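Using the sequences and the hints, build the whole thing.
Its first residue numbered 1, the sequence shown is counted upward by one per residue in the working numbering.
Just so you know, the hints here were simulated from the structure itself, not pulled from any lab data. Bear in mind that the values here come from a model prediction, so they are computed numbers and not experimental data. Some hints could be false.
Derived lysine-lysine pairs resembling DSS-like cross-links, with alpha carbons at most 27 Å apart [stated by the list, open to error]:
1. LYS314 with LYS374
2. LYS437 with LYS55
3. LYS374 with LYS31
4. LYS437 with LYS26
5. LYS437 with LYS31
6. LYS368 with LYS31
7. LYS368 with LYS55
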Amino acid sequence: MPSSRTPGPPLDTSSLSTRSLFLLLKARASKQLYGSQFDASCTTFRFGDRVPNIKASSLAVDADETLIITPYSQDVVQILQVRNGQIAPLRQARLPWYESGSIEILKTAYGDDRLYVLYRFTPFMEGDDHPFVRQAREYGRNGFIYLACHPLELSSNPVRMTMFPGYEDFNPSALAVATDGAFAIVWCHRMSLSHAVVHYTAIDKSEYDIAPNLVGFSYSSRQLRRFTGGPMIRDLAFNDRSSQLLYYYQGRSLYAGYQNIASSTMYENSTSVQFTHGLSLLYSIEVPFFGTHESDGFACRWMYLSLGIATHRKENWTVACLLRSEAICRAGNCGHAMNLERGRRLTQWDVVARLYGFRNATSSLGCKVAASPKGTRIAIANWNVLYIWALEPEALIEMDPRNYYQSSWRSSSTGQIELQPIVLRLDAVCFQLRFTKEEDELVVITDQGIMVWDLTSPSGNRTCQNWQSILTAN
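Spelled out as structure tokens, the structure:
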């Protein structure tokens with residue numbers, strides 16, 4: 001173990017029996033994930049001999065349940081649910097007119113209780129004479145791009161569908177869906193570095209019948225940003241009740257900038273924070289993963305904990321730190337509802353701990369980052385290696401006044417708390433990861449299949465399951 005005392009509130013153990021001491025040590029060791037790099041179990045789910053469509057797969061949450069959205073074949077998107085360390089089929093979404101041409105599923109996303117599937121349809125030169133098929137045929141060999149919106153639950157609600165004329169020579173690099181059904185797409189030109197971010201809003205009462213249980217809809221659109229070069233946007237995320245968009249660039253681990261939907265200005269994610277005495281670094285700071293709210297009846301105190309990454313401009317070394325910030329408002333003006341996304345607005349941050357062992361990504365994927373629901377775990381995947389840090393967020397956000405982390409957990413040169421990770425070798429390249437509703441259960445989408453990790457399992461088993469027959473039966 002990395003210290004003579006495991007992290008935890010100071011206790012007088014002089015009167016404890018040997019058994020009580022053992023149980024206390026065991027509980028604390030489990031909380032800190034000691035030995036998990038050897039004992040954590042992993043099940044990899046593969047779908048026969050099918051190659052995963054990594055670029056179009058996505059992870060989402062619905063009512064605290066983790067959803068895995070992955071194209072299963074040319075025309076079918078499979079929605080899977082994680083349950084007790086296993087994955088189970090939830091439902092399938094089949095795209096229309098698959099028999100009349102070829103379909104390439106480009107992106108998937110979940111929002112507004114619907115599955116959004118962005119795909120390119122290239123019809124056969126002869127065959128189906130439906131108006132939509134004829135229209136796609138008129139656009140030639142590059143096909144036509146559609147968006148299909150499937151309700152998550154099987155119901156009388158129809159599939160909603162729309163089209164994007166003029167984007168035949170573009171590929172989408174990112175798709176994001178807001179809580180109100182608005183969505184945004186990053187369009188990248190196939191033959192140049194030109195790319196643009198477009199925000200779409202469905203027009204009320206614009207639906208029209210296409211086929212049984214299939215309706216079309218119209219939208220209004222607004223180009224938010226246009227780029228003629230520079231790094232490509234690999235991902236988008238709506239933030240702060242869908243009033244903002246966060247932009248994630250290739251090779252970057254955290255979002256690089258944000259833009260208010262109603263504004264044309266993009267702001268860089270860069271904040272100066274004092275790293276050590278006499279040295280401040282420019283941090284990219286992610287949306288907070290943990291927060292607290294206190295009120296005395298007159299004023300409310302909000303505190304936030306977030307991940308920040310900074311690189312020294314001259315010496316080129318990189319650090320990942322846990323940062324805290326706080327805000328105070330009058331109790332009468334406070335909504336008293338925790339909204340971590342609002343914590344992104346704060347500009348004054350302090351370093352409370354360093355994630356020791358973090359290494360900056362050298363690939364265009366960047367690092368993939370996830371925090372557990374209660375904030376006791378931070379996971380960062382760098383290509384094929386997964387680093388996981390255990391932490392006590394309530395102690396860190398208060399600057400550890402009760403000495404939860406004793407002196408051996410602090411740097412002798414800076415005095416900062418240094419958290420050590422467990423390191424898991426994936427034997428596969430990580431493209432996405434997310435904790436489930438359990439603190440020690442992690443879902444990872446890789447080029448070798450879907451992995452479900454149990455960090456506290458004592459077995460250390462690594463198994464593989466083939467779900468092709470079950471998915472086919474579903």
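Quick rundown of the hints versus the structure:
no.: 1; hint: LYS314 with LYS374; in the structure: 37 Å, violated
no.: 2; hint: LYS437 with LYS55; in the structure: 25 Å, holds
no.: 3; hint: LYS374 with LYS31; in the structure: 13 Å, holds
no.: 4; hint: LYS437 with LYS26; in the structure: 23 Å, holds
no.: 5; hint: LYS437 with LYS31; in the structure: 17 Å, holds
no.: 6; hint: LYS368 with LYS31; in the structure: 23 Å, holds
no.: 7; hint: LYS368 with LYS55; in the structure: 14 Å, holds
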